[in-house]
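> Each chain is listed here by its residues.
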Amino acid sequence: MKTETVAMILAGGQGSRLGKLTKQIAKPAVPFGGNYRIIDFALSNCANSGFNDVAVVTQYQPLVLNRHVGNGSSWGLNRHNGGATILQPYSSVDGEKFFKGTAHAVYQNIDYINQKDPEFVVILSGDHIYKMDYEKMLDYHKKQGASLTVGVIPVPWEEASRFGVMNTDKTDRIIEFQEKPENPKSNLASMGIYIFTWARLKQYLADSQSKSRHMDDFGHDVLPAYLRNSESIFAYSFEGYWKDVGTIESLWSANMEFIDPNHELNIRDRDWRVYSKNPNTTPQFLTETAKVENSMITDGCYIAGEVNHSILSHNVKVGKNSVIKDSFIMPNAVIGENVTVEKAIVGEGARIYDDTELIGTEKEISVVGYGEEVGGYSDEK
Amino acid sequence: MRNKIAPILNLVEYEDKLKPLTDRRPVASLPFACRYRLIDFPFSSLYNCEAESAALFISGSGHSLYDHIRSGSAWGLDSSVGGGVFTHSQVKLKSNRSAETKHDPFYYEDHYNYVTKTKADYVVMMGSSLLSNIQIQSLLQFHNDKNSEVTVVYKKVGRSELIEDTVHSALILNNENSGEIEAVKDIVSMDKDDSLYLNMETMIIEKKTFLDYLHQAKADDLDINVGNFIQYTLDMGLLIFGYEYTGYLKAIEDIKSYYDANMDMLDEDNFNALFYRADPVRTRSKNSAPTYYGETAVIENAQFANDCEIFGTVKNSLVFRKVSVGENAHVESSIIMQDSVIEEDTYLKHVILDKHVYVKKGARLEGTAEKPIVIAKNGVVYAKGESKEG
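For the protein sequence lines, the chains are A and B, in the order given. Anchor point for the first sequence: position 107 equals 107 in full-length UniProt numbering, and the numbering is continuous, going up by one each time. Anchor point for the second sequence: position 315 equals 315 in full-length UniProt numbering, and the numbering is continuous, going up by one each time.
Read the hints as simulated data drawn from the structure, not as lab findings. Just so you know, even glycine gets a beta-carbon here, dropped at the ideal spot from N, CA and C. Check each hint, because a few of them may be wrong.
To be verified - Chain B is faced by these chain A residues, among others (derived, beta-carbon under 10 Å): (1) GLY34; (2) LEU63; (3) SER73; (4) ASN278; (5) THR281; (6) THR282; (7) GLU288; (8) THR289; (9) ILE297; (10) THR298; (11) VAL307; (12) ILE311; (13) LEU312.
To be verified - 30 Å max Cα-Cα, derived DSBU-like pairs, lysine-lysine: (14) A:LYS291 / B:LYS360; (15) A:LYS317 / B:LYS286; (16) A:LYS325 / B:LYS360; (17) B:LYS360 / B:LYS256; (18) A:LYS317 / A:LYS277; (19) A:LYS277 / B:LYS286; (20) A:LYS291 / B:LYS146; (21) B:LYS349 / A:LYS317; (22) B:LYS315 / A:LYS317; (23) B:LYS315 / A:LYS320.
Unchecked claim - Residues of chain A clear of chain B, computed beta-carbon distances all greater than 10 Å: (24) GLY33; (25) THR85; (26) ASP117; (27) GLN203; (28) PHE238; (29) GLU257; (30) LYS291; (31) ASP299; (32) LEU358.
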């Protein structure tokens with residue numbers, strides 16, 4: 001069968017606003033919701049939308065991400081026809097192919113797309129928490145005969161100036177694009193989801209190289225060029241839960257929302273599952289002294305303390321007389337005895353020693369980094 | 001130690017006293033400890049010694065077992081070079097049939113073909129009903145140090161740790177230090193205060209010795225199992241040693257021993273002995289969401305798998321995947337298997353719910369630790385306490 005669609009998940013970003021949580025790993029690999037990493041949502045959407053050819057484009061600190069994605073088998077993307085592919089910068093006779101921006105990352109991997117020779121290329125970012133049927137958007141793209149369709153989501157007007165917003169006419173054709181405008185003319189924010197008719201985009205990317213015009217970024221360069229040339233660009237409006245978890249506060253609040261058993265994402269829905277790479281680990285063990293309330297807990301956890309309105313990812317240990325409240329604990333973290341953790345994010349493999357207090361506020365979430373150690377004996381005592 | 005061993009799993013095991021849990025599955029695929037099946041333990045031993053392939057001999061429908069094993073990838077048995085799970089179904093064994101007919105000729109041929117086609121130097125035979133976590137590397141090392149032809153794994157246990165009419169056998173050692181085996185003996189006739197060396201039905205054999213035995217077994221129409229093998233080895237005057245296992249062990253022979261083995265896991269020492277050792281226990285991983293514990297949940301000394309939703313009280317119990325426990329439900333000293341639903345205002349104590357059992361609002365079930373109540377797969381339990389087959 002001919003490949004109709006290739007999906008490219010851009011997962012090379014650092015996510016510098018996540019501070020020490022992304023020092024060692026790329027933002028799409030940051031754990032989320034107990035059993036997931038952020039990129040699982042985009043990957044699962046691809047699998048559930050029937051996309052078989054999915055490339056994950058990595059650049060910044062790719063080790064954890066690459067191991068997580070592997071051959072794509074966790075998402076059923078290891079079929080003989082297509083599958084998941086990890087694309088990383090490489091060097092060639094034309095020099096090193098590090099990515100200067102989103103569009104440049106696609107251009108540098110043009111060989112991969114040419115090999116598949118698809119009709120459409122779907123550009124996704126690996127940074128967002130949402131469930132979306134991309135096939136519906138692709139149908140819309142085909143129906144409109146568009147050369148580009150941009151996924152947009154209505155946001156509250158007062159927040160519109162934080163996003164790239166699309167002004168549309170009555171037929172949903174995009175007529176203007178404003179990047180983080182002071183006075184937005186629209187509240188339709190770009191979700192960073194683009195469906196391109198490949199033949200057209202290929203021309204733009206190739207021409208830019210020969211004419212030394214920059215086509216580095218989809219938002220800054222490609223979209224404006226398409227607009228100038230009156231290409232047919234349409235907005236596809238998405239309604240549903242969509243969250244950018246690019247900051248400590250948004251990552252924390254998205255996790256806190258996620259605890260709610262009636263959350264809009266409905267992760268227990270068997271018809272649209274969120275897949276992840278599941279580690280091999282033991283059952284969750286709640287001892288006689290454990291007290292667990294309104295929380296999500298994952299396999300491999302050992303809990304002897306109190307857990308209230310929190311998410312514990314796999315293999316987290318919580319010692320006796322410790323209290324975890326309003327917090328998100330990432331995989332393999334060890335929390336000792338008599339520890340209080342409140343309004344916090346504790347990084348993967350972090351250790352919090354006995355008798356430590358770690359208390360944040362909603363405005364300033366307390367963060368323990370990847371593998372960081374807190375408390376214990378120190379010379380200052 | 002790649003390529004060194006050809007594992008043969010004899011999964012035609014005594015199951016009559018485990019009914020109804022074994023109505024639709026062999027002992028090997030009995031669910032255990034929230035997210036495992038008994039086959040995971042021998043398979044993890046194989047994974048940890050880097051075995052490349054395995055041969056399974058089972059009788060009856062293998063559906064539940066094959067569904068669990070699939071390609072064997074969870075235990076590294078799916079390599080395209082030398083890998084594979086070779087399944088041999090519908091094996092008729094004497095222990096499992098009423099009329100004694102001769103063995104199917106393929107029974108011996110299948111063993112022969114598997115062992116000769118692998119490049120292995122040794123054959124390892126294992127079962128699944130003696131729950132344990134055996135290190136095959138150490139067994140192999142012992143076997144080589146002793147220049148043994150056959151080495152059998154045993155554990156020192158009390159007679160009372162096994163059921164009265166147990167099918168298992170004991171080893172008679174000529175001296176505990178050397179470990180040389182003198183005889184094999186049925187346990188049934190032993191005194192209840194005796195201690196004994198339980199034959200764990202796991203052994204390692206030189207490939208040539210195994211093939212010689214096959215020849216003999218075919219001529220005499222014998223089952224291929226560890227007990228017969230020991231007898232043959234002794235008759236031939238070959239060197240045969242016992243290797244002592246000191247870790248957690250439970251013989252799963254009836255409902256009570258199955259129940260006790262699960263309950264044992266609620267004791268941290270047992271749990272750690274089986275799971276937190278250098279060699280992890282692996283199972284087929286399934287996609288899942290974390291388990292949600294509601295505001296009304298009260299949990300005390302219990303284990304859960306992912307994907308559950310708990311709003312009631314769960315005490316001293318083991319809860320498998322995708323189970324929901326409603327508000328004001330009380331679950332105590334029970335085993336709740338995958339996909340079961342326990343509605344609100346219910347009471348369960350000393351109960352085993354097989355997969356996909358529905359406990360309706362207001363229902364009460366109370367067994368005893370000696371005789372837990374078992375509800376078969378797909379059953380529905382109504383408020384009056386009547387249950388219905390699914």
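> Determine for every hint whether it applies to the structure shown.
Each hint tested on the structure:
The interface hint given for GLY34 (chain A) holds, since its Cβ lies 4 Å from the closest Cβ of chain B, which is under the 10 Å cut-off. Of the supplied interface hints, the one on LEU63 (chain A) is violated, with its beta-carbon coming no nearer than about 21 Å to a beta-carbon of chain B, more than 10 Å. The beta carbon of SER73 (chain A) is positioned within 10 Å of a beta carbon in chain B (closest approach about 8 Å), and the interface hint is therefore held. At its closest, the beta carbon of ASN278 (chain A) sits 4 Å from a beta carbon of chain B; the interface hint therefore holds under the 10 Å criterion.
For the restraint placing THR281 (chain A) at the interface with chain B, the shortest Cβ-Cβ distance is roughly 8 Å, inside the 10 Å limit, so the hint holds. With a least beta-carbon distance of about 5 Å to chain B, the hint placing THR282 (chain A) at the interface is held under the 10 Å criterion. Given hint, GLU288 (chain A) at the interface with chain B, holds; its Cβ is 5 Å from that chain's nearest Cβ, closer than 10 Å. A cut of 10 Å between beta carbons decides the hint on THR289 (chain A): the least distance to chain B is about 9 Å, and the hint holds.
Taken as an interface hint, ILE297 (chain A) checks out: its beta carbon lies about 5 Å from the nearest beta carbon of chain B, inside 10 Å. Below 10 Å, beta-carbon pairs count as interface contacts, and THR298 (chain A) has one with chain B at about 4 Å; its hint therefore holds. Among the interface hints, the one on VAL307 (chain A) holds; its C-beta lies about 8 Å from the nearest C-beta in chain B, closer than the 10 Å criterion. The restraint placing ILE311 (chain A) at the interface with chain B holds, with a minimum CB-CB distance near 7 Å, inside the 10 Å limit.
For LEU312 (chain A), the interface hint holds, the least distance from its beta-carbon to any beta-carbon of chain B being 8 Å, beneath 10 Å. Of the supplied pair hints, the one linking LYS291 (chain A) and LYS360 (chain B) holds, its CA atoms being roughly 27 Å apart against a limit of 30 Å. Among the hinted pairs, LYS317 (chain A) with LYS286 (chain B) is consistent with the structure: their alpha-carbon atoms are about 22 Å apart, no more than 30 Å. With a CA separation close to 34 Å, the supplied pair LYS325 (chain A) and LYS360 (chain B) exceeds the 30 Å bound.
The hinted pair formed by LYS360 (chain B) and LYS256 (chain B) meets the criterion: a straight-line CA distance of about 25 Å does not exceed 30 Å. Distance check on the hinted pair: LYS317 (chain A) and LYS277 (chain A) sit about 21 Å apart at the alpha-carbon level, within 30 Å; holds. With a C-alpha separation of about 9 Å, the suggested pairing of LYS277 (chain A) with LYS286 (chain B) holds against the 30 Å cut-off. Between the alpha carbons of LYS291 (chain A) and LYS146 (chain B) the distance comes to roughly 52 Å, so the proposed pair goes past 30 Å and is violated.
For the given pair, LYS349 (chain B) sits about 29 Å from LYS317 (chain A) by alpha-carbon distance, which is consistent with the 30 Å threshold. At most 30 Å may separate the alpha-carbon atoms for a hinted pair to count; LYS315 (chain B) and LYS317 (chain A) meet this at roughly 20 Å. Between LYS315 (chain B) and LYS320 (chain A) the CA atoms are separated by roughly 18 Å; this keeps the pair inside 30 Å, and the hint holds. The Cβ of GLY33 (chain A) does not lie farther than 10 Å from every Cβ of chain B; its closest approach is about 7 Å, which violates its non-interface assignment.
The Cβ of THR85 (chain A) lies farther than 10 Å from every Cβ of chain B, with a closest approach of about 20 Å, so its non-interface assignment holds. ASP117 (chain A), annotated as away from the interface, keeps every beta carbon of chain B farther than 10 Å; the closest lies near 28 Å. With a least CB separation of 40 Å from chain B, GLN203 (chain A) remains clear of the 10 Å interface cut-off, as annotated. The claim that PHE238 (chain A) lies off the interface holds: its Cβ sits roughly 23 Å from the closest Cβ of chain B, which is beyond the 10 Å cut-off.
Every CB of chain B lies more than 10 Å from the CB of GLU257 (chain A), the least distance being 14 Å, so the non-interface label holds. Residue-level check failed: LYS291 (chain A) sits 8 Å from the nearest beta carbon of chain B, not beyond 10 Å. A beta-carbon of chain B comes within 10 Å of the beta-carbon of ASP299 (chain A); the shortest separation is about 5 Å. For LEU358 (chain A), the non-interface assignment is confirmed: its Cβ lies about 22 Å from the closest Cβ of chain B, beyond the 10 Å cut-off.
Of the numbered hints stated above, those contradicted by the structure are hints 2, 16, 20, 24, 30 and 31, listed in ascending order.
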